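Each residue of the sequence shown is one higher than the last, beginning at 1 in our numbering.
Keep in mind that a hint or two might mislead.
Across the chosen pairs, the derived CB separations fall in these ranges [stated by the list, open to error]:
{"hint": "1", "residue 1": "Glu38", "residue 2": "Glu138", "range": "17 to 25 Å"}
{"hint": "2", "residue 1": "Thr36", "residue 2": "Asn63", "range": "21 to 29 Å"}
{"hint": "3", "residue 1": "Gly107", "residue 2": "Gln20", "range": "26 to 34 Å"}
{"hint": "4", "residue 1": "Ser61", "residue 2": "Ile2", "range": "13 to 21 Å"}
Worth flagging that the hints you see were computed from the coordinates, not collected in a lab. Nothing here was measured: the structure is a model prediction, and the numbers come from that model. C-beta: ideal position from N, C-alpha, C; glycine also.
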Amino acid sequence: MIDRDGFEAWLMSTEDTNKQFLSELPDEISHRLNFTLESLDVLERWLLDKYDSPADILQPSENWFIDQASKYVGETVRRNAGGTWNINLDDPSLVFYGLPVVTRANGYSDCPASLVTASLDRRRGNFIRTVVENIVRESR
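Could you build the full structure based on these sequences and the hints that come with them?
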């Protein structure tokens with residue numbers, strides 16, 4: 001996704017790709033992914049079981065999985081803390097340049113892909129939920 005049109009197409013496909021992602025996960029995982037904060041622990045456990053490190057999910061063969069896991073995390077942020085999907089394509093010096101973010105009403109942006117990769121580095125099992133709980137608290 002390197003331009004605004006690519007981002008818009010990505011955004012419009014969110015519902016369909018979320019359904020496809022869930023259909024490719026084991027039933028015991030997909031049935032528990034319901035965009036609640038608690039469901040983030042389920043996703044993170046699956047990620048930790050599948051990937052040994054952030055480098056593993058950043059392999060080109062895993063692009064679809066990091067994109068879908070990130071989209072799920074972002075949708076969970078958006079549904080629980082509010083906000084809209086956005087992307088910065090204007091300033092390459094920004095840390096999340098070219099990456100989808102959820103921008104909240106307070107102006108802060110959260111990058112779901114960075115939460116996914118950080119969770120694989122921290123390996124806690126509740127890292128993503130803990131961060132998103134803080135995001136929700138800040139948004140109230």
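I'd like to know which numbered hints this structure contradicts. Please list them from smallest to largest.
Going through the list in order, the structure violates no hint and respects every one.
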